[in-house]
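Dock chain G against the given chain S, drawing on the hints supplied.
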Amino acid sequence: MTGPQNVSAKGTGKIVLVGNPNVGKSVIFGQLTGRYVTVSNYPGTTVEVSRGEIKDRGRSLEVIDTPGVYSLLPMSEDERVTRDILMRERGARILQVCDAKNMRRSLMITIQLAEMSVPFILAVNMADEARNRGVMPKLEGLESRFGVPAVPTVAVRKKGVDRLLPLLENAVESSTRLDYGRSIEHGISRMESLLPDSTPIGKRALSIMLLCGDDSLAPWLAENVSGENIREMNAVRNRVVEENGEDISYRINQGRLAWIDALLSELGEEQSEPAGRNWADIFGKYSMDPLFGIPILLFVLFLAYEFVGVLGAGILVDFLEDGVFGKGIVPAVAWIVEKTIPWEIIKDMLVGPYGVVSMALSYAIAIVLPIVGTFFLGFGILEDSGYLPRLAVMVDRIFKKIGCNGKAVLPMILGLGCDTMATLTTRILETRKERLIVTLLLALGIPCSAQLGVILGMLSDIGFVATTAWMGIIIGVILLVGYLASKVIPGDSSDFILEIPPIRMPQMSNLVIKTMARIEWYLREAVPLFVIGTLILFVADRMGWLLWMQKVAEPIVVGALDLPPKTTEAFLIGFLRRDYGAAGLFDMARAGLLTNLQVVVSLVTITLFIPCLANILVIIKEQGGKVAAGMALFVFPFAVIVGAVVNFASRALGITF
Amino acid sequence: MTEYGQDEILELVWTLREEGNATRTQLLRRTEEDEPEKILEELSSAGLLEASADEVRLTRPGEERARVIIRRHRLAEVLLNNLFDLDNNQMESTACKFEHILTEAVTESVCTFLGHPPVCPHGRPIPREECCDKIRTEIKPLVTRLSDAVLSEEIRIVFITPKSRKRLEKLSALGIVPGSRIRLLQRNPSFVMEIGETTVAVDKEITDEIYVKRA
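If you read the sequences in order, they're chains S and G.
Residue numbers are given in the working numbering: position 444 of the first sequence equals residue 444, and the series is strictly consecutive.
So the working numbering is basically just the index in the second sequence, starting at one, shifted up by 1000.
Because the hints were derived from the structure by calculation, they are not lab data.
Note that the structure is a prediction, hence the values are computed from the model and not measured.
Each hint should be verified, as a subset may be incorrect.
[Unchecked claim] Below are the EDC-like pairs computed for lysine to aspartate or glutamate, each with C-alpha atoms no more than 16 Å apart in a straight line:
id	chain 1	residue 1	chain 2	residue 2
1	G	LYS1163	S	ASP492
2	G	LYS1166	S	GLU246
3	G	LYS1166	S	ASP492
4	G	LYS1163	S	ASP495
5	G	LYS1204	S	ASP495
6	G	LYS1166	S	ASP247
7	G	LYS1097	G	GLU1032
8	S	LYS401	G	GLU1205
9	G	LYS1163	S	ASP247
10	S	LYS138	S	GLU269
11	S	LYS14	S	GLU169
12	G	LYS1166	S	GLU77
[What the hints assert, rightly or not] Among the chain G residues that face chain S by a calculated CB cut under 8 Å, a handful are:
id	residue
13	ARG1165
14	LYS1166
15	LEU1168
16	GLU1169
17	ALA1173
18	PRO1189
19	SER1190
20	VAL1192
21	GLY1196
22	GLU1197
23	THR1199
24	VAL1202
25	ASP1203
26	ILE1206
C-beta atoms are modelled at their ideal positions from N, C-alpha and C, and glycine is treated no differently.
Extracted from the complex, chain S is given alone in its bound form (with noise of 0.2 Å):
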């Protein structure tokens, strides 16, 4: 067996939380460092490693915050990244965050962390549930068993959580090993032999990783394992799978359930009075009903219509436009600018037409911000109740004609959150050839809080109609480009298997929090973009550019999209974000410079025109340059086409809206 020497119990100041997908590994992370990361009530709300740092003591920790992981033998992008922290940050202490609920999901991860011989504490978190549940075990025998400390917690009320620094400090390996069987346990310690003397994580998780034919494995093997050795690593793994079959990790698995519901039966459960069915259990079911389900998706959507159109680009942009910047602040500063600022290019430039106050503040903060606040809230509301995944299950069947299972529908639902926000979560994907299908249809068609907020408070005021329309275009195109584009990319689609989570009744301080930091990004990301857009449009009418790139676009806004010379403008800011772009034509809608059908052909364009800049940088990243390009040359021109394609086929059929 591997011993201590591989990483030494008092180590570095760092602390890993890892575990299953959404048993609160944030809400920790949140409570131990002060910072807040999105919590969420669904998997995979966590895609990228958050750090923080706790003060104790005059010493500082850092904390680092992983994805949730089902095994710690990687099937997915954002498992790897967890399994990769574990074998890079070398001597920290491990926070391992266990579902009480389903204890026997958790403990897979225990043995593992185990058999990495990591020093490791356990949250037993959402003790509450289980105990509402009846399903809370006893904690002392599962301590003695492995040897390390398990606390219950229930994070979201902070109870527990103040115990678990302590104990982390004074944290051990566990020198729990289960046996695989004869030949299995040969295969492992043939394995353990040929591998290198000092290994970042215990020998014996290595080696089972290596049985199990984990090739995510390659790159440590290749700067740390002779190519000898690596020659014998294929014998002794040969020699397992001729005696087991391949299904190596599958065997494995199976091991530690059966070892794992036999500690469990042995534990026992703590005496409680389980509660009844509430009604959160009995609204989850019915979200999933073939009959129950659509209406009830329906209402939903109803709802957050009624909160973000009607309230936010409603009540609340009246009351900051025409109110508070019509009335008060543009009128305000214009005054103070004429009496202090003699320059006339000045003056025109804080309060003209495109002026930085006049336009880029007013839009950002009169127009774009109610509508975004009241999204976000409602958003947040969604995330936390745990609905989310259930709308995976009703889609599953349409996204199996685009390439993707119902999986998918997280990203693109998150895409109305921040299309850039969500390309990243396509990590959450299992191949490639979903996570491309996805980011494009986020690029393309997907419109962002701020975009929909606007263009929803532009539809409220033509109607019903004209929503459904609106909207029955953009699915429609969804639709149509994701099965195209599932035939033409190559790959394969990946199983749907997707936890959903019970619903729960959303926290309001974790509501509260979310949303603000919501808002704080949008204000830092947005603002200095419209700032720069307006500047832009500024000196390109001082220079008379603006007339000429009207004059350009023509043939195209006012031709084929029959939209006046005018709305070139608001598809040139479009360029930098495209709810900046909704929010120049929600402008003039209200000033009446739009017929209904301009304003259904305008939105359907602005929603599927080219995606904002930083969402472009994100598919970069994600994605490589070509394939960010291209998709920015197929957006671009479609969106175009599309508008054409709805305005000649209104008009033919006398449609006016």
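Using the frame of chain S, we list chain G on its own:
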């Protein structure tokens, strides 16, 4: 060996009857047994067969026994043909051995595994058994596909036959392995099952590969 020979004769009578030619002459011409007359004698005295001048007829009990043998033989043919892609000769000779050794439980599992095929590779009907019935008055602990399991009843996974190893690994990481107790919650719009306190949604394709029995 008498039982073996009897089985062969009964099987042949069934086949000849399907061809509309169940005569003693045909039987004696087609059989591969060494002493067919003697076996016919045995079968008659055991009350499994009635042989008049030239006609041979299965009695009720004979019919029952022949039916079981035919069923095993043809299921074995489907198994060997569809799954292992064996040529006709190998399929025949192996199926002939299978028909004598399959137990009732194994036959049922094979039938379920193959999705209760109605005909053999030669296009002849496979006698149906209880496990093939869709409409049942009482639910016996039969092996079925998870996709056909009774909703919200506790069931136990008997075996899994996944298309890919990755799928098997993923399922096992979620605790879905033979022996696990689960409940199927719904079939539409996707399959949703409950294992312990975990709810998992999966494709139909996957539930077709999981075989379960009433717990």
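Hints, verified against the model:
A threshold of 16 Å between alpha carbons decides the hint, and for LYS1163 (chain G) with ASP492 (chain S) the separation of about 14 Å falls inside it, so the pair holds. Simply put, LYS1166 (chain G) and GLU246 (chain S) have alpha-carbon atoms about 11 Å apart, close enough for the 16 Å limit, and the pair holds. Taken as a hint, the LYS1166 (chain G) and ASP492 (chain S) pair is honoured in the structure, with Cα atoms around 13 Å apart against an allowance of 16 Å. Restraint check: the Cα-Cα separation between LYS1163 (chain G) and ASP495 (chain S) comes to about 11 Å, which is no more than 16 Å; the hinted pair holds.
Distance hint between LYS1204 (chain G) and ASP495 (chain S) is fulfilled; the C-alpha atoms sit about 10 Å from each other, no more than 16 Å. With a CA separation close to 9 Å, the supplied pair LYS1166 (chain G) and ASP247 (chain S) stays within the 16 Å bound. For the suggested pair LYS1097 (chain G) and GLU1032 (chain G), the alpha carbons sit about 14 Å apart, so the restraint of at most 16 Å is met. Of the pairs offered as hints, the one joining LYS401 (chain S) and GLU1205 (chain G) holds, with about 15 Å between alpha carbons and a cut-off of 16 Å not exceeded.
As the CA atoms of LYS1163 (chain G) and ASP247 (chain S) are separated by approximately 12 Å, the hinted pair is consistent with the 16 Å bound. Restraint check for LYS138 (chain S) and GLU269 (chain S): the C-alpha separation of about 5 Å stays at or below 16 Å, so the hint holds. Restraint check for LYS14 (chain S) and GLU169 (chain S): the C-alpha separation of about 10 Å stays at or below 16 Å, so the hint holds. Between LYS1166 (chain G) and GLU77 (chain S), the direct Cα distance comes to roughly 14 Å. Compliance with the 16 Å bound is thereby established for this hinted pair.
For the restraint placing ARG1165 (chain G) at the interface with chain S, the shortest Cβ-Cβ distance is roughly 6 Å, inside the 8 Å limit, so the hint holds. Checking LYS1166 (chain G) against chain S by beta carbon gives a least distance of about 7 Å; that is within 8 Å, so the hint holds. Of the supplied interface hints, the one on LEU1168 (chain G) holds, with its beta-carbon coming within about 5 Å of a beta-carbon of chain S, less than 8 Å. For GLU1169 (chain G), the interface hint holds, the least distance from its beta-carbon to any beta-carbon of chain S being 5 Å, beneath 8 Å.
The interface hint given for ALA1173 (chain G) holds, since its Cβ lies 4 Å from the closest Cβ of chain S, which is under the 8 Å cut-off. Interface hint status for PRO1189 (chain G): upheld, as the beta-carbon distance to the closest one in chain S is roughly 5 Å, under 8 Å. For SER1190 (chain G), the shortest C-beta to C-beta distance to chain S is roughly 4 Å, which falls under 8 Å, so the interface hint holds. With a cut of 8 Å, the hint placing VAL1192 (chain G) at the interface with chain S holds, because the nearest CB-to-CB distance is about 6 Å.
The interface hint given for GLY1196 (chain G) is met, as the beta carbon of that residue sits about 6 Å from the closest beta carbon of chain S, less than 8 Å. For GLU1197 (chain G), the shortest C-beta to C-beta distance to chain S is roughly 4 Å, which falls under 8 Å, so the interface hint holds. Below 8 Å, beta-carbon pairs count as interface contacts, and THR1199 (chain G) has one with chain S at about 4 Å; its hint therefore holds. Taking 8 Å as the C-beta contact cut-off toward chain S, the hint placing VAL1202 (chain G) at the interface holds, the least distance being around 5 Å.
Taking 8 Å as the C-beta cut-off, the interface hint given for ASP1203 (chain G) holds, the closest approach to chain S being about 5 Å. Look at ILE1206 (chain G): its Cβ gets to within about 6 Å of chain S, closer than 8 Å, so that hint holds up.
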